[in-house]
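Peer 1: In case you want the letters, here they are:
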Amino acid sequence: MAQITLKSLAHSYSPNPSGPEDYAIREMEHVWHQGGAYALLGPSGCGKSTLLNIISGLLTPSDGQVLFDDRVMNELPPEERNIAQVFQFPVVYDTMTVYENLAFPLRNVGTPAAKIRERVAEVADVLDLTSLLKRKARNLTADEKQKVSMGRGLVRDDVSAILFDEPLTVIDPQLKWKLRRKLKEIHERFNITMIYVTHDQLEASTFADKIAVMYEGQVVQFGTPRELFETPAHTFVGYFIGSPGMNLMEVARTETGVRTGAVDLTLPPALRDAIHRSRSRNVKLGIRPEFVEVLTEPGEASYPVEIDNVQDLGTYRIVSFTFAGIPFRARLGEDRPLPARYAYVRFPEAWLNLYIDEFRVEVGQ
Amino acid sequence: MTSSVPTTPESVRQQAAEAAALRRKRARNVTTRWRRRTLLGLYLVFVILPIYWLLNLSFQTNSEILGSFSFWPQNFTVANYARIFTDANWYMGYVNSLAYVLMNMLISISVALPAAYAFSRFRFIGDKHLFFWLLTNLMAPPAVFLLPYFQLYYSVGLFDTHIAVALAHCLFNIPLAIWILEGFMSSVPKEVDETAYIDGYSFPRFFVTIFLPMIRSGIGVTLFFLFMFSWVELLLSRTLTATNAQPIASIMTRTSTASGIDWGTLAAAGVLTIIPGIVVVYFVRNHIAKGFALGRT
Amino acid sequence: MNKVYNNRAWFLILPMLLLVAFSAIIPLMTVVNYSVQDVFDANTRFFTGTEWFEVMLNDPALQAALLRQFAFSFTILAIEVPLGIGIALLMPKRGWQASAVLILITLPLLIPWNVVGSIWQLFTRGDIGLMGVGIRELGYAYNITRNPADAWATIILMDVWHWTPLIALLCYSGLRSIPDAYYQAARIDRASKWAVFRYIQLPKLTNVLVIGVLLRFMHSFMIYAEPFVLTGGGPGSSTTFLSQSLTTMAIGQQDLGPSAAFSLIYFLIILLVCWVFYTAIMNSQKDNTTQGGA
Numbered sequence: 001m002a003q004i005t006l007k008s009l010a011h012s013y014s015p016n017p018s019g020p021e022d023y024a025i026r027e028m029e030h031v032w033h034q035g036g037a038y039a040l041l042g043p044s045g046c047g048k049s050t051l052l053n054i055i056s057g058l059l060t061p062s063d064g065q066v067l068f069d070d071r072v073m074n075e076l077p078p079e080e081r082n083i084a085q086v087f088q089f090p091v092v093y094d095t096m097t098v099y100e101n102l103a104f105p106l107r108n109v110g111t112p113a114a115k116i117r118e119r120v121a122e123v124a125d126v127l128d129l130t131s132l133l134k135r136k137a138r139n140l141t142a143d144e145k146q147k148v149s150m151g152r153g154l155v156r157d158d159v160s161a162i163l164f165d166e167p168l169t170v171i172d173p174q175l176k177w178k179l180r181r182k183l184k185e186i187h188e189r190f191n192i193t194m195i196y197v198t199h200d201q202l203e204a205s206t207f208a209d210k211i212a213v214m215y216e217g218q219v220v221q222f223g224t225p226r227e228l229f230e231t232p233a234h235t236f237v238g239y240f241i242g243s244p245g246m247n248l249m250e251v252a253r254t255e256t257g258v259r260t261g262a263v264d265l266t267l268p269p270a271l272r273d274a275i276h277r278s279r280s281r282n283v284k285l286g287i288r289p290e291f292v293e294v295l296t297e298p299g300e301a302s303y304p305v306e307i308d309n310v311q312d313l314g315t316y317r318i319v320s321f322t323f324a325g326i327p328f329r330a331r332l333g334e335d336r337p338l339p340a341r342y343a344y345v346r347f348p349e350a351w352l353n354l355y356i357d358e359f360r361v362e363v364g365q
Numbered sequence: 001m002t003s004s005v006p007t008t009p010e011s012v013r014q015q016a017a018e019a020a021a022l023r024r025k026r027a028r029n030v031t032t033r034w035r036r037r038t039l040l041g042l043y044l045v046f047v048i049l050p051i052y053w054l055l056n057l058s059f060q061t062n063s064e065i066l067g068s069f070s071f072w073p074q075n076f077t078v079a080n081y082a083r084i085f086t087d088a089n090w091y092m093g094y095v096n097s098l099a100y101v102l103m104n105m106l107i108s109i110s111v112a113l114p115a116a117y118a119f120s121r122f123r124f125i126g127d128k129h130l131f132f133w134l135l136t137n138l139m140a141p142p143a144v145f146l147l148p149y150f151q152l153y154y155s156v157g158l159f160d161t162h163i164a165v166a167l168a169h170c171l172f173n174i175p176l177a178i179w180i181l182e183g184f185m186s187s188v189p190k191e192v193d194e195t196a197y198i199d200g201y202s203f204p205r206f207f208v209t210i211f212l213p214m215i216r217s218g219i220g221v222t223l224f225f226l227f228m229f230s231w232v233e234l235l236l237s238r239t240l241t242a243t244n245a246q247p248i249a250s251i252m253t254r255t256s257t258a259s260g261i262d263w264g265t266l267a268a269a270g271v272l273t274i275i276p277g278i279v280v281v282y283f284v285r286n287h288i289a290k291g292f293a294l295g296r297t
Numbered sequence: 001m002n003k004v005y006n007n008r009a010w011f012l013i014l015p016m017l018l019l020v021a022f023s024a025i026i027p028l029m030t031v032v033n034y035s036v037q038d039v040f041d042a043n044t045r046f047f048t049g050t051e052w053f054e055v056m057l058n059d060p061a062l063q064a065a066l067l068r069q070f071a072f073s074f075t076i077l078a079i080e081v082p083l084g085i086g087i088a089l090l091m092p093k094r095g096w097q098a099s100a101v102l103i104l105i106t107l108p109l110l111i112p113w114n115v116v117g118s119i120w121q122l123f124t125r126g127d128i129g130l131m132g133v134g135i136r137e138l139g140y141a142y143n144i145t146r147n148p149a150d151a152w153a154t155i156i157l158m159d160v161w162h163w164t165p166l167i168a169l170l171c172y173s174g175l176r177s178i179p180d181a182y183y184q185a186a187r188i189d190r191a192s193k194w195a196v197f198r199y200i201q202l203p204k205l206t207n208v209l210v211i212g213v214l215l216r217f218m219h220s221f222m223i224y225a226e227p228f229v230l231t232g233g234g235p236g237s238s239t240t241f242l243s244q245s246l247t248t249m250a251i252g253q254q255d256l257g258p259s260a261a262f263s264l265i266y267f268l269i270i271l272l273v274c275w276v277f278y279t280a281i282m283n284s285q286k287d288n289t290t291q292g293g294a
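Protein chains in written order, with the UniProt record's numbering: chain S, 1 to 365; chain G, 1 to 297; chain V, 1 to 294.
No lab work stands behind these hints, which were simulated from the structure alone.
Not one of these hints is a red herring.
From the structure, some residues in chain G lie toward chain V, with a derived Cβ separation under 7 Å: (1) Leu39; (2) Met139; (3) Arg285.
The list that follows gives simulated cross-link-like pairs (lysine to aspartate or glutamate, DMTMM-like), each with its CA atoms no further than 25 Å apart: (4) Lys182(S) x Asp209(S); (5) Lys193(V) x Glu75(S); (6) Lys93(V) x Asp94(S); (7) Lys115(S) x Glu185(S); (8) Lys128(G) x Asp193(G); (9) Lys210(S) x Asp69(S); (10) Lys184(S) x Glu144(S); (11) Lys284(S) x Glu250(S); (12) Lys182(S) x Asp157(S); (13) Lys193(V) x Glu80(S); (14) Lys284(S) x Glu362(S); (15) Lys3(V) x Asp193(G); (16) Lys193(V) x Asp158(S); (17) Lys193(V) x Asp94(S); (18) Lys193(V) x Glu100(S); (19) Lys7(S) x Glu75(S); (20) Lys176(S) x Asp209(S); (21) Lys290(G) x Asp94(S); (22) Lys3(V) x Asp127(G); (23) Lys7(S) x Asp70(S); (24) Lys93(V) x Asp180(V); (25) Lys184(S) x Asp172(S); (26) Lys3(V) x Asp199(G); (27) Lys3(V) x Glu191(G); (28) Lys193(V) x Asp157(S); (29) Lys93(V) x Glu79(S); (30) Lys178(S) x Asp209(S); (31) Lys182(S) x Glu118(S); (32) Lys184(S) x Glu227(S); (33) Lys284(S) x Asp273(S); (34) Lys290(G) x Asp180(V); (35) Lys190(G) x Asp172(S); (36) Lys284(S) x Asp308(S); (37) Lys3(V) x Glu194(G); (38) Lys193(V) x Glu79(S).
A virtual CB, placed ideally from N, CA and C, is assigned to each residue, including glycine.
Okay, chain S solo, but in the shape it has when bound (with noise of 0.2 Å):
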């Protein structure tokens, strides 16, 4: 049991990096507390797997310090930290049998047999193999397989933390909720931090308290989910999270306010002295499609635009517009009406984000 925390943490592949972009991982700090469930959320190439590898030991990071408690960890190998983890494919020790599978971890470090049976008996239970533990492991689905190499980890109670590289990708659609389910019943019930890693918004959020985004190497924002969709901190979160992502605009200042494309926007005073004292030549206002009104009528700081496309989803209907020569999106529920070609849309602004440098500035109201 421990809190692992990364100190000034960078990892580089290439042994001379001379600039940011040969980092894999780019200098961060970061907390995971004890008894959490983290996500770790991120594309593919944004250096999440190197992260989880070098928690777990198999990596060495290039500078920085990985913490359990206090101690740091850099200099131990994988078998002496305490850390369990499941990999994206299922691994299993195909001569063994099961029961064998999660005795393994267990016997290697000689824990008495009398012990062995009983956690065993408890992980298989709990993991729904008590069926299959005389099975030979090869025969194995790839779910049940994979269930394997999650109890492996489970089985030793001396685990500090147990990670996961995308473990449900090999898993059939219908499967991976159960498993997901599971995960979590897992994590009440053992107390064990877990982290996640995953490019899927859905099983991050459904699995994770706290999810950590990761972006070009960097942790942009470690938040729960309803923050990550509420109030992005880099503009990659909002692009990434949602669905659609956020409609990001460019804006540029004027003499008396603030202007997009050709579109002079009207703003609340606040929002536009923030823009205003800020030197930086990339700043952009977001705004989720949820929190766009589309209105049929005129109203106040209301802009005219012309409607694209309208998708009918079921229960909500995305309506795509340009603004500015942006394209735009607004999510829409079915209820609410909408106009057929020209239709007028509301930034409400207790919606609209600033982001300056890509990164979200909170502004006084």
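Fit chains G and V to the known structure of chain S by using the hints.
Peer 2: Using the frame of chain S, we list chains G and V on its own:
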């Protein structure tokens, strides 16, 4: 690497202990690595030493070979090689060997490819028995077929021709090629074939433009094995030839004459038989690592 | 893989079949034909039934050669298989060293078999050979033309030199097909090196080892050129193996009937041993049947 500054006596002790453990572990890793290298190195020496000795003797005159024992040529000479390259009887041996080996490779691979495809993709009357029968040919000792081959090729007028040896080597090379290729072909999913047919490919076009490139390394490894077993074989090639198609291997027996054995020429001829092998390995070196498992892991 | 039932596949087989039939069936028929006849000349021959087979099976010289043959084959298997696995485990996995080691190790496989004999003759001779002179310098009267034990040891050493690379390359190739995740999982499960070998590497090697052992058994059982050149079968007949006995009988003495009978017995023994070995392996894996291996 940044390191946290120890603040309490316990943490100082702990860090010191961890650093010591680390040093021990590194030392252990270094020892393991060196032990591995030494063992492998010893084996490589064992592999190279007899070949080195052959090379060493090939650059010495017979009087030096018999007169003094030395680890390298004292009077370096290429006379042994010169003798081989100036005597048509000698160098034609290499030409003959290469001729029948290449013919055999060509024949074997071109009939084995379609047959292996049939075995990997279709069921048909007698398929299992046929495959088993093919494999039994792999187990047939060449010595068994010596006499019948001699009579057969003599009666059809092929005795002492390259094609006779090439055909005789088909006995074990075709089954071997089919067996290796079948393994590689079975690891290509059948959906590939089906997609190609749906896209309107005819069988021959699909086979040549899509399927064969997919099992490239398999074909490379197969050719390697075909070369190997045809090039190294002595018994059949010696029996089926007299003068016109005599392989280098059997010409080498001429080095023993009434006046003793011509060691220098024997060594030089031996060195020259190794060279084609080196060329072949060099070409397939990148496929060996993967392909040697013959698609059956 | 589900195969399609289609008899037109025979057309794909046909060219191969004609060729192999020409080089296998016709000669084999000739052998069978001779084995049941006593041939004096082109016009005079008698049907003898199983007489030649009985003669051959009761021939003490051939029985001795058969025993020697088995002793030889099992000895070299016992040495080459573990050694080959060991070498494969030691071989570097990437970089130029991997290519270099690979090429060096493959070399002995591509040397004509009689040249292998010559190389070892040159290497082990007491007057000009590095090993021969070396051992004598150490004070042992090494002599492969006089001492049967020396001849045996040298032939076995030569075969180990010649063929261990085959096993090593097969295993190396098998090891390369193991995904990294297996090794990583084993580290996390705190498996010892031995456990990694026993439960990850060895199971993956089973298929290639079956191939390797079968190939090695077959070829060692047919060995001819190497001992013929190195020792000529001697001293006495201490290193005369089956192929050499057969060749002497068939070509040297022109005993057509007996040598044909001997040929068939020889062939059947190889078939039988391979079949027994293969079935034994397959049966031992039966309780965990998967998609067929070798």
